[in-house]
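Trainee: This is what each chain is made of:
There are 2 protein chains.
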Amino acid sequence: MTELHAVIPAGGAGTRLWPLSRSSHPKFLLDLTGSGRSLLQETWDRLSTFVPPEHIHVVTGPAHAALVQEQLPGLTSLFVEPAPRDSMPAIGLAAAVIEERSPGAVIASFAADHVIADVAAFEDAVRQAEAVARSGLVTTIGIAPRSPSTAFGYVEAGDALGVDGAPDGRAVVRFVEKPDAQTAQSYLDAGTFSWNAGMFVTRTDVLLDHLARLQPGLHAGLRTIAAAWDGPDRSAVLADAWPTLTKIAIDHAVAEPVSLEGGIAVVPGGFDWDDIGDFAALQELGGASSDGVVWVDADGLARAEDGTTIAVVGLRDVVVVRTSDALLVTTLDLAQRVKEVPALLKETGRDHLV
Amino acid sequence: MTELHAVIPAGGAGTRLWPLSRSSHPKFLLDLTGSGRSLLQETWDRLSTFVPPEHIHVVTGPAHAALVQEQLPGLTSLFVEPAPRDSMPAIGLAAAVIEERSPGAVIASFAADHVIADVAAFEDAVRQAEAVARSGLVTTIGIAPRSPSTAFGYVEAGDALGVDGAPDGRAVVRFVEKPDAQTAQSYLDAGTFSWNAGMFVTRTDVLLDHLARLQPGLHAGLRTIAAAWDGPDRSAVLADAWPTLTKIAIDHAVAEPVSLEGGIAVVPGGFDWDDIGDFAALQELGGASSDGVVWVDADGLARAEDGTTIAVVGLRDVVVVRTSDALLVTTLDLAQRVKEVPALLKETGRDHLV
Numbered sequence: 057m058t059e060l061h062a063v064i065p066a067g068g069a070g071t072r073l074w075p076l077s078r079s080s081h082p083k084f085l086l087d088l089t090g091s092g093r094s095l096l097q098e099t100w101d102r103l104s105t106f107v108p109p110e111h112i113h114v115v116t117g118p119a120h121a122a123l124v125q126e127q128l129p130g131l132t133s134l135f136v137e138p139a140p141r142d143s144m145p146a147i148g149l150a151a152a153v154i155e156e157r158s159p160g161a162v163i164a165s166f167a168a169d170h171v172i173a174d175v176a177a178f179e180d181a182v183r184q185a186e187a188v189a190r191s192g193l194v195t196t197i198g199i200a201p202r203s204p205s206t207a208f209g210y211v212e213a214g215d216a217l218g219v220d221g222a223p224d225g226r227a228v229v230r231f232v233e234k235p236d237a238q239t240a241q242s243y244l245d246a247g248t249f250s251w252n253a254g255m256f257v258t259r260t261d262v263l264l265d266h267l268a269r270l271q272p273g274l275h276a277g278l279r280t281i282a283a284a285w286d287g288p289d290r291s292a293v294l295a296d297a298w299p300t301l302t303k304i305a306i307d308h309a310v311a312e313p314v315s316l317e318g319g320i321a322v323v324p325g326g327f328d329w330d331d332i333g334d335f336a337a338l339q340e341l342g343g344a345s346s347d348g349v350v351w352v353d354a355d356g357l358a359r360a361e362d363g364t365t366i367a368v369v370g371l372r373d374v375v376v377v378r379t380s381d382a383l384l385v386t387t388l389d390l391a392q393r394v395k396e397v398p399a400l401l402k403e404t405g406r407d408h409l410v
Numbered sequence: 057m058t059e060l061h062a063v064i065p066a067g068g069a070g071t072r073l074w075p076l077s078r079s080s081h082p083k084f085l086l087d088l089t090g091s092g093r094s095l096l097q098e099t100w101d102r103l104s105t106f107v108p109p110e111h112i113h114v115v116t117g118p119a120h121a122a123l124v125q126e127q128l129p130g131l132t133s134l135f136v137e138p139a140p141r142d143s144m145p146a147i148g149l150a151a152a153v154i155e156e157r158s159p160g161a162v163i164a165s166f167a168a169d170h171v172i173a174d175v176a177a178f179e180d181a182v183r184q185a186e187a188v189a190r191s192g193l194v195t196t197i198g199i200a201p202r203s204p205s206t207a208f209g210y211v212e213a214g215d216a217l218g219v220d221g222a223p224d225g226r227a228v229v230r231f232v233e234k235p236d237a238q239t240a241q242s243y244l245d246a247g248t249f250s251w252n253a254g255m256f257v258t259r260t261d262v263l264l265d266h267l268a269r270l271q272p273g274l275h276a277g278l279r280t281i282a283a284a285w286d287g288p289d290r291s292a293v294l295a296d297a298w299p300t301l302t303k304i305a306i307d308h309a310v311a312e313p314v315s316l317e318g319g320i321a322v323v324p325g326g327f328d329w330d331d332i333g334d335f336a337a338l339q340e341l342g343g344a345s346s347d348g349v350v351w352v353d354a355d356g357l358a359r360a361e362d363g364t365t366i367a368v369v370g371l372r373d374v375v376v377v378r379t380s381d382a383l384l385v386t387t388l389d390l391a392q393r394v395k396e397v398p399a400l401l402k403e404t405g406r407d408h409l410v
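As you go down the protein sequences, you meet chains A and B in turn. Quick note: the first sequence uses the numbering used here, first residue 57, plus one each step. Quick note: the second sequence uses the numbering used here, first residue 57, plus one each step.
So here's chain A without its partners, still in its complex pose:
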């Protein structure tokens, strides 16, 4: 039995965290929580407590490869995608290469920009998911919902699976997209729904077999690239084949269709988790305001990355984020709409601010 491999797709713009998150320095490279470590580094730290460093793989774009390697000096396996094609090609690339090297290995994929405080509970969930995955099921780790959130998709758990070493493993009834508020409340009340945090644990051969059936073109491309990966033709084959790969998320490519066939399991995670989707989430996580902010009948989140002094008069639940070249002012309520700002900046030709 081979050891577990961890795969970290490090992508995503984090446009709702503008102006902190930029295309050149996206969310996963930032120390948003003030821990002194970036979200990517915290992901590494968390995984390397129970996964050997040489089994941790990061998949990222060419623009961020150098910074990823700099932030993770212990990283020995960096996959550089020529261009972003969503999560299925990214995870599939790592899966196909690992399958070439260690057939039937178990991989667990985790986003590079999520926050999890309780490492022991996290490891327990991963270990249980690994046990279920070895039995041949694609296994997701769900998150026990803290609120009727409409910002996440949900996974509905069915019967217990009875897999050895995985007492919490259950069959997945279905994946559901981000619900409306009323539906979200009914999910919370039901007690059988988890947030879908995009954590998937699977045998590489199982994943690739599903892909061969459901996305044969994508599967063929990944196999071709993987066969050449450890040889002299990697660059040429990658340049040739990568642009042909279907741009698709792992949820749509595998998780949803396979769940209809009973091939997906879930281990509901018993740990606090956050994807810091926006400044409201950062505030809830305790993402602190800068020192020395002057609040006059005011409160909220105020950060000056350039160390200058912010004063807020008479505004409640405000969000003020200042960098050396830009400034955002909004409210915690409207934090989701921040993504409109980089979109407008692009439209008006100010790509250097995005």
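Just so you know, these hints were derived from the structure itself, not from any lab. One thing to keep in mind: the hints can contain errors.
[What the hints assert, rightly or not] With a straight-line Cα cutoff of 25 Å, these simulated SDA-like cross-link-like pairs (lysine to any residue) come out: (1) B:Lys402 - A:Thr364; (2) B:Lys395 - A:Thr387; (3) B:Lys395 - A:Lys402; (4) B:Lys402 - A:Val352; (5) B:Lys402 - A:Gly370; (6) B:Lys395 - A:Thr364; (7) B:Lys402 - B:Gly370; (8) B:Lys234 - A:Thr364; (9) A:Lys402 - B:Gly363; (10) B:Lys402 - A:Val349.
Start from chain A and add chain B according to the hints.
Mentor: Relative to chain A, chain B alone:
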């Protein structure tokens, strides 16, 4: 008959315009309106169309003397107060020195930080006030109220005076302090009230005679300083006498008490005027937001003095002012409360930001 002298007390912190206005660069030294000239320079420009430059006098503190002289290369008469003692000592110093040089001269005092667009109408009011002042009355130029403002004191006009060359000159019934909203509305309805803009036109001998009677200590100190002003002992006498002068505004020292004796006149000014008291006033004046502000369901005043990009999401009537070392966020409604920020900064030992 000597020509008119203009006296410009250039003081006042402008704390409601923080962080633009600072103790080192107060409001009167700033180009708030985007005209390319500071408020002091605009005051100079306005007066020098009808007052000879050598008859324009500026009274300021030691911290600002160099910048005042730099901004006004044509200025030949700069009075440097050792320390601020409010408007009566400042204007009284200029009046006493001018009286030494040209007995019975007429002086007109104007704040350094007010905005007046219609110079012809302004000159007409000053000329009428000069004519009334020559008759022996201390004459104020009132401002026709545009609204029932509670931010200004008011002057109530009585009977016409019938002075030659001053068809609009009227006796002053009384000065009143900043009223409540209901009282302000009644003043506006009455039609006989003007805003008190602190513009006083008077013969120097008349002003000094009032002072001799009402503030004899202050009068004696000013006379002592004035007698030494053009000789070798100016510095020594000033250092000696200045700290003894009563700290008092011209309104309280002269205008109010003399109005009760019938010694004050008013010429209601027929020109637009603004003291840019706060950011709401600046916005009303058309003080523009910076270029390139990204407004998403938002509006208000947003200025980045350092040329950076500001984005505001979902806030109406907001005020955002960014300088290289500080940032203010508030609303137009709360613009008056901005002065609390420099006060709090001082309390917390951050004087360099004030």
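Trainee: Indicate, hint by hint, whether the structure satisfies it.
Mentor: A quick look at each hint next to the structure:
{"no.": "1", "hint": "B:Lys402 - A:Thr364", "in the structure": "16 Å, holds"}
{"no.": "2", "hint": "B:Lys395 - A:Thr387", "in the structure": "23 Å, holds"}
{"no.": "3", "hint": "B:Lys395 - A:Lys402", "in the structure": "37 Å, violated"}
{"no.": "4", "hint": "B:Lys402 - A:Val352", "in the structure": "14 Å, holds"}
{"no.": "5", "hint": "B:Lys402 - A:Gly370", "in the structure": "19 Å, holds"}
{"no.": "6", "hint": "B:Lys395 - A:Thr364", "in the structure": "19 Å, holds"}
{"no.": "7", "hint": "B:Lys402 - B:Gly370", "in the structure": "32 Å, violated"}
{"no.": "8", "hint": "B:Lys234 - A:Thr364", "in the structure": "36 Å, violated"}
{"no.": "9", "hint": "A:Lys402 - B:Gly363", "in the structure": "18 Å, holds"}
{"no.": "10", "hint": "B:Lys402 - A:Val349", "in the structure": "14 Å, holds"}
The structure fails to meet hints 3, 7, 8 from the earlier list, while all remaining hints are met.
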